[in-house]
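Novice: Using the hints, position chain B with the ligand against chain A.
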Amino acid sequence: MEPMPQIPMLSYDVVVIGGGPAGMAAAAKAKELGLNVLLLDENDYLGGILPQCIHPGFGIHYFKEELTGPEFASRLAKHLVELGVEYKTSARVLEIKNYSDLEKVVIFTSPTGVYQVWAKAVIYAAGARERHAFEIGIVGDRVSGIYTAGEAQTLMDIYGVLPGKEVVIVGSGDVGLIMARRFALEGAKVKAVIELMPYPGGLARNVMILRDFNIPLYLSHKVVEVRGKGRVQGVKVVKVDENLNEIPGSEFWIEADTLVISAGLVPSVKKLRKIGVEIDPATGGPVVNDRLETSVPGIFVAGNALLINDLVDYVAEQGELAAESAREFIEKGGIESRKWVKVEKGQNVRLIAPHYLSGDRDVYLYLRVSRPMEDVEIRIPEVGKRLRLPVVKPAEMRRLKLKAEEIQKAGEKLTVEVVKA
Amino acid sequence: MKAYRFTCIVCPLGCSIEVEVENGEVKEVRGCKCPRGMEWAIQEVTSPKRVVMSVVPVEGGALPTVSVKTAEPVPKEKIPELMKFLTKLKLKAPVEIGQVVAEWKGIKIVATRGA
Ligand SMILES: Cc1cc2nc3c(=O)[nH]c(=O)nc-3n(C[C@H](O)[C@H](O)[C@H](O)COP(=O)(O)OP(=O)(O)OC[C@H]3O[C@@H](n4cnc5c(N)ncnc54)[C@H](O)[C@@H]3O)c2cc1C
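Protein sequence lines, in the order shown, are assigned to chains A and B. Our numbering puts the first residue of the first sequence at 1, with every later residue one more than the last. Our numbering puts the first residue of the second sequence at 1, with every later residue one more than the last.
Warning: the hint list may mix true and false statements.
Derived coverage of chain B by chain A (criterion: at least 3 residues anywhere in the stretch with Cβ under 8 Å from a Cβ of chain A; other residues may be distant) [to be verified]:
#1 7-13
#2 17-31
Here are a few chain A residues that sit away from chain B, every Cβ distance over 10 Å (derived from the structure) [as the list claims (entries may be wrong)]:
#3 33
#4 51
#5 55
#6 136
#7 159
#8 224
#9 228
#10 287
#11 344
#12 386
#13 396
The hints are simulated quantities; they were obtained by calculation from the structure and are not laboratory data. Just so it is clear, the structure is predicted and the values come from calculations on it, not from any experiment. Where a beta carbon is used, it is the ideal one built from N, C-alpha and C, also for glycine.
Here chain B stands alone, though its shape is the one from the complex:
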C-alpha cells in the first residue's frame, strides 16, 4: 500500500488530498471536497500529465529563440525524452505565434512567440 499526499490545484480551495494505491490500483481518495478534485487526484497518481514549455533557437528573428509549448499535456515520464527531441530543433524566421513548428509522437509543438 502506498499513500500519496498533495494539495489540490483544481480550484483555489486547495484541499489536502490523500490517495491510497495498492498494486497500481486506487483504493481510497480522502480530503477532496468535490468530484473534479477527486478525478484530478486519481489522474495525478495513475497517469500524471503536464503541458511542457521550452525555447528553440531561431535564425534571423528579432530574438535568438522562439518559445514553444506542447498543444496538449504530455505524460510526465515522457518529458525527458520530449526535451531531448526539442534540443535538436532549429527554426528559421519568420515564425508566427500559434504556428505548429514540429510534431513529436503525435503531439504538436506550437510557437508561443513570433520571430
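Same shape as in the complex, but just chain A:
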C-alpha cells in the first residue's frame, strides 16, 4: 500500500476545480444550497479566461445585459465573496483520487504548500486548452513569434504587451477574429486571416471585424510552414480543395513577424481520464448524464471542460446544474441508477451533450452541426419534437430544451437530427 503522505488534510462536501465562470457559478450555487464548498484555481486571479476577454458580448442571457469578459467575471466573483464561498487562487490541482462514491481526495499545490482535501463530490470546471501549431501540422523553424490566440490575448490584455507588428492569424473562429481586431486596434498590421474551411468560422458580428479593418480572409487555405531566423519572418500558405487536400502549385508566402494560432479549443480532461472517466471523442469532454455526472459517480463537470461553449451564459448555467446535482448526490448517497435514455447523433449532428437522460427532469441539450445549412428543422423522431431554424452553422452551438414529459415518450434512445425543413 502507498504510504500516507504527511500533508495537511482538509475536508469539504464539494471541491470545485477551476475558477472560471463554470466553477464560480457552481461554487456559488453549492454554497446557496447549503453545501460546504472549496473553490480552487491555479491562476492568481478568479475568472478563468474572462479577465483577458476585454471585448463586449458576455452575459446577454445570464445578466440580461451586454458585458465585457472582465465585467462578467467580476459580477460572479462579487457574488461569491458576498456569499462567503471559500476559495484559493494560485492553487493548482495535481490529482483527483476516487476512493469510493462518497470519498474523493483532491491534491493541490499552493504558495503555502501541498494540501489534500477530502470531498464527497467534485465539480470539475477546468476549462479547455488551445490547439497549438504542431497539432495542426505546421512545420518549419523553431522561432519566436508563434503564439496561441490565448497567449497573445493574455500578453495584450492582462500584461499590456503587443506581441508583434505584422501578424498572420490562423483560424477565423470568434477567437481568431477577436484577436485580429485587438491587433489592428493596437496598431499592428493584420496581414491575413487564414481559414481551412470554405466558410468563416465565427459569428456574423465578428466576421464584420474583417471589413472594419480591411483584413484579407483566405477561405479554403492553410498555413503549412513557418520560416525565420530567431523570429518569424514569413509563413507559407497553400490552397486546399473541397476534401481539404492541398492543391499543388497553389502555395505562396506572406511576410510577417508573428503567427497567431486560433485553431480551436479542446476540453482539458487529462486528470479525469486518469481516474477512468469515459470521454466522448466528438465533444472531447466526458460522457455525462442529465445531472452532468461523469461515468465516475460523484465527479461532475461543467463549462468548457464538458464541451466547448461559445456563450458564457450556458457555461454558468452548467455550473449551477452541476452544483444542484452534487447536492442531490450527497443527500441521497448517489444519483439513482436507472434506465437512462441514450441520446444519439442523427444527420448533420457533430456533437451533443448530455449523453444520457433520466426523463424525470427537464434538460437542455447542447449540440453543434457538422456543416452549415439553411431552413432546417432539429428533429427528434422518437418523441415527435421539431424545431424550425432559419440557419445552423458549426460555429454556433445550439441549445434545445426538452421537457421531462417529452423525454418519457422515448424508449431506450432518442435521436437528434438536423434536416431540411
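Specialist: Then chain B with the ligand, alone, in the frame of chain A:
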C-alpha cells in the same frame, strides 16, 4: 452607385442585406426581414459606430493593466484617433470597475476591471 453587402447582426437570423448608395444617399435596402435590420443596415453604411475596448497601464494594481471601454459607440472613422489618445493614459491603483477614468471628446472611458 455603390452597393454594400453584409450579414445582419441584429438577431440570429443573419439576413444577407444589400444596400445601394448614390451620392451618399441610401437608395435601396434589400434582403432584411425586419425594420430593425433595415435601420441597422442604413446606419452601417451612413455612420457606422463601434464600442471600443483597450487596456491602460496601471501602477500599483494586482495586474499591470486595467481594461477599458467607451461608454457609448464611437464613429468608426474616429477610432484610430481615440486609440492614440488611450495610449497616453496611465492610471494609479485603486481603480474601481465602472469608474470613469478619462473622457475624450465628450465620450466617457470606463474601467471594466478593477485594480
Ligand atoms: C477569446 C475568447 C472569446 C470569447 N468570447 C465570448 C463572447 O464574446 N461571449 C461569450 O458569451 N463567450 C465568449 N467566450 C466563451 C467563454 O468565455 C467560455 O466559454 C468560458 O469562459 C468558459 O468557462 P469555463 O469556466 O468553462 O473555463 P475557463 O474560463 O477556461 O476557466 C477554467 C479555469 O480552470 C482553471 N484550471 C485549469 N486546470 C486547473 C488545475 N489543474 N488546477 C486549478 N485550476 C485549474 C484555469 O486556471 C481557469 O481559470 C470566449 C472565449 C474565448 C477563448
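Novice: Against this structure, judge whether each hint is valid.
Specialist: How the hints compare with the structure:
Here's how the stretch 7-13 of chain B fares: 5 of its residues keep a CB closer than 8 Å to some CB of chain A, so the rule of at least three is met and the hint holds. By the rule of at least three residues with a Cβ nearer than 8 Å to a Cβ of chain A, the coverage given for the stretch 17-31 of chain B is violated, with 0 such residues. Listed as a non-interface residue, residue 33 of chain A keeps its Cβ farther than 10 Å from every Cβ of chain B; the least gap is roughly 28 Å. The beta carbon of residue 51 of chain A is not kept farther than 10 Å from every beta carbon of chain B, the shortest such distance being approximately 6 Å.
The beta carbon of residue 55 of chain A sits about 6 Å from the closest Cβ of chain B, which is not more than 10 Å, so the claim that it is off the interface is violated. The non-interface label for residue 136 of chain A is consistent with chain B: the shortest C-beta to C-beta separation is roughly 27 Å, beyond 10 Å. Residue placement check: residue 159 of chain A does not keep its beta carbon more than 10 Å from all beta carbons of chain B (closest about 5 Å). With 10 Å as the threshold on Cβ separation, the claim that residue 224 of chain A sits away from chain B holds: the shortest Cβ distance comes to roughly 30 Å.
The claim that residue 228 of chain A lies off the interface holds: its Cβ sits roughly 28 Å from the closest Cβ of chain B, which is beyond the 10 Å cut-off. For residue 287 of chain A, the shortest C-beta to C-beta distance to chain B comes to about 29 Å, beyond the 10 Å cut-off, and the non-interface label holds. For residue 344 of chain A, the condition that its CB be more than 10 Å from all CB atoms of chain B holds, with the nearest at approximately 26 Å. For residue 386 of chain A, the condition that its CB be more than 10 Å from all CB atoms of chain B holds, with the nearest at approximately 18 Å.
Here residue 396 of chain A does not stay apart from chain B, with its beta-carbon only about 8 Å from theirs, under the 10 Å limit.
Checked against the numbered hints listed earlier, the structure breaks hints 2, 4, 5, 7 and 13; every other hint is satisfied.
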